[in-house]
Amino acid sequence: MKVVIFGGTGLIATELIRQALAMPEITSIVAIARKEVQLDEGALNTSKFKSVIIHDYMEYPDSIKAELSGADVCVWTVSITPFRLKEFGFDEVKRVCQDSAIAALDAVRDANDATAQRPSKPITYVYMSAEGHTPDITAKPLFFPEYGLMRNNTEKLVLEFGAEHNDVLDVHIVRPGMVWTYLSFWRSVQASILRTINVFTRFIPNIARTELAAAMLDQITHGFEKQFLTNADLVRIGGPALRAKGLGY
Numbered sequence: 000m001k002v003v004i005f006g007g008t009g010l011i012a013t014e015l016i017r018q019a020l021a022m023p024e025i026t027s028i029v030a031i032a033r034k035e036v037q038l039d040e041g042a043l044n045t046s047k048f049k050s051v052i053i054h055d056y057m058e059y060p061d062s063i064k065a066e067l068s069g070a071d072v073c074v075w076t077v078s079i080t081p082f083r084l085k086e087f088g089f090d091e092v093k094r095v096c097q098d099s100a101i102a103a104l105d106a107v108r109d110a111n112d113a114t115a116q117r118p119s120k121p122i123t124y125v126y127m128s129a130e131g132h133t134p135d136i137t138a139k140p141l142f143f144p145e146y147g148l149m150r151n152n153t154e155k156l157v158l159e160f161g162a163e164h165n166d167v168l169d170v171h172i173v174r175p176g177m178v179w180t181y182l183s184f185w186r187s188v189q190a191s192i193l194r195t196i197n198v199f200t201r202f203i204p205n206i207a208r209t210e211l212a213a214a215m216l217d218q219i220t221h222g223f224e225k226q227f228l229t230n231a232d233l234v235r236i237g238g239p240a241l242r243a244k245g246l247g248y
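So the sequence shown is numbered by numbering that gives the first Met the number 0: it starts at 0 and just counts up by one.
Hints are computed from structural coordinates only; laboratory data are not their basis.
Wrong hints could be hidden among the right ones.
To be verified - Okay, derived cross-link-like pairs now, DSS-like style, lysine-lysine, Cα gap no bigger than 27 Å in a straight line:
| # | residue 1 | residue 2 |
| --- | --- | --- |
| 1 | Lys155 | Lys225 |
| 2 | Lys64 | Lys139 |
| 3 | Lys85 | Lys244 |
| 4 | Lys47 | Lys1 |
| 5 | Lys64 | Lys93 |
| 6 | Lys85 | Lys155 |
| 7 | Lys47 | Lys34 |
| 8 | Lys244 | Lys1 |
| 9 | Lys85 | Lys139 |
| 10 | Lys34 | Lys64 |
| 11 | Lys49 | Lys120 |
| 12 | Lys49 | Lys244 |
| 13 | Lys139 | Lys155 |
| 14 | Lys34 | Lys93 |
| 15 | Lys120 | Lys139 |
| 16 | Lys93 | Lys139 |
| 17 | Lys244 | Lys225 |
| 18 | Lys139 | Lys47 |
| 19 | Lys225 | Lys120 |
| 20 | Lys47 | Lys64 |
| 21 | Lys120 | Lys155 |
| 22 | Lys155 | Lys64 |
| 23 | Lys34 | Lys49 |
| 24 | Lys225 | Lys139 |
| 25 | Lys1 | Lys64 |
| 26 | Lys93 | Lys47 |
| 27 | Lys1 | Lys120 |
| 28 | Lys85 | Lys49 |
| 29 | Lys1 | Lys225 |
| 30 | Lys49 | Lys1 |
Predicted model only: the values in this text are computed from it and were never measured.
Produce the entire structure from the sequences given, and follow the hints as far as they go.
The following block contains the structure:
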């Protein structure tokens, strides 16, 4: 199984790569990012990993499309979170979160449509959204309304593109809540405590980075149980998947 991950240097992507390297059913991992992806020291099975540098997620030259050709799974993890909106103009936020997402879909379709390496079944395309988003563009978000409407519309556009090209693409959307990691010790301790007493999860859905990656990889390798996976779904799937691998949070 060949897996392509867009945004390979990101928080979620690096964990997807780490876990995927240890999975025998995944035979090739291509990480596409704006800078080289550095594997952790002691990473397993590095021979099946390739880091590919892209200068702009809107532009896919033939050299990049060659890396997309023959993919079984593609995962889009690129975004600008609402907490970083002040660092960018909204046009740039939309360009990264929406325009680039559609450009990547089109590049994957073009690289695999009517080619000798086209897979016998549609490519599983996983678009990583976030809890609270929906393809219903009439639903007005309570927080960051302009951003939220744009992300809602992005889901709609991704789904429409997938439906139009369903002979090549099988689109799925995952919607994690707040993602936490032990890279920040005190934040993770706080999240663990709040999760235990069910306060944090009652108001702000959250998931461990390792748990999210395990859930996504479980669905990628065993088949998606449904088109949209909420944070609750990802926690339900990711916990057992992580324990089965013998990995902790």
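Checked hints:
1. Lys155 with Lys225: Holds - the C-alpha atoms of Lys225 and Lys155 are around 17 Å apart, at most 27 Å.
2. Lys64 with Lys139: Judged against 27 Å, a Cα distance of about 37 Å means the pair is violated.
3. Lys85 with Lys244: violated, 39 Å
4. Lys47 with Lys1: holds, 9 Å
5. Lys64 with Lys93: holds, 23 Å
6. Lys85 with Lys155: holds, 25 Å
7. Lys47 with Lys34: Within the cut-off at roughly 19 Å; holds.
8. Lys244 with Lys1: holds, 20 Å
9. Lys85 with Lys139: holds, 21 Å
10. Lys34 with Lys64: OK: Lys34 and Lys64 at ~17 Å, within 27 Å.
11. Lys49 with Lys120: holds, 24 Å
12. Lys49 with Lys244: holds, 23 Å
13. Lys139 with Lys155: Measuring from Cα to Cα gives roughly 14 Å; hence the hint holds.
14. Lys34 with Lys93: holds, 21 Å
15. Lys120 with Lys139: violated, 37 Å
16. Lys93 with Lys139: Measuring from Cα to Cα gives roughly 17 Å; hence the hint holds.
17. Lys244 with Lys225: holds, 23 Å
18. Lys139 with Lys47: violated, 44 Å
19. Lys225 with Lys120: holds, 17 Å
20. Lys47 with Lys64: Answer holds: Lys47 to Lys64 is near 18 Å, not above 27 Å.
21. Lys120 with Lys155: Holds: Lys120 and Lys155 sit about 23 Å apart, inside 27 Å.
22. Lys155 with Lys64: At roughly 25 Å apart (the allowed maximum being 27 Å), Lys64 and Lys155 satisfy the hint.
23. Lys34 with Lys49: Holds, at about 12 Å.
24. Lys225 with Lys139: holds, 25 Å
25. Lys1 with Lys64: holds, 14 Å
26. Lys93 with Lys47: violated, 33 Å
27. Lys1 with Lys120: Measuring from Cα to Cα gives roughly 13 Å; hence the hint holds.
28. Lys85 with Lys49: Distance ~34 Å between Lys85 and Lys49 Cα, so the pair is violated.
29. Lys1 with Lys225: holds, 22 Å
30. Lys49 with Lys1: Within the cut-off at roughly 11 Å; holds.
Of the numbered hints listed earlier, those contradicted by the structure are 2, 3, 15, 18, 26 and 28.
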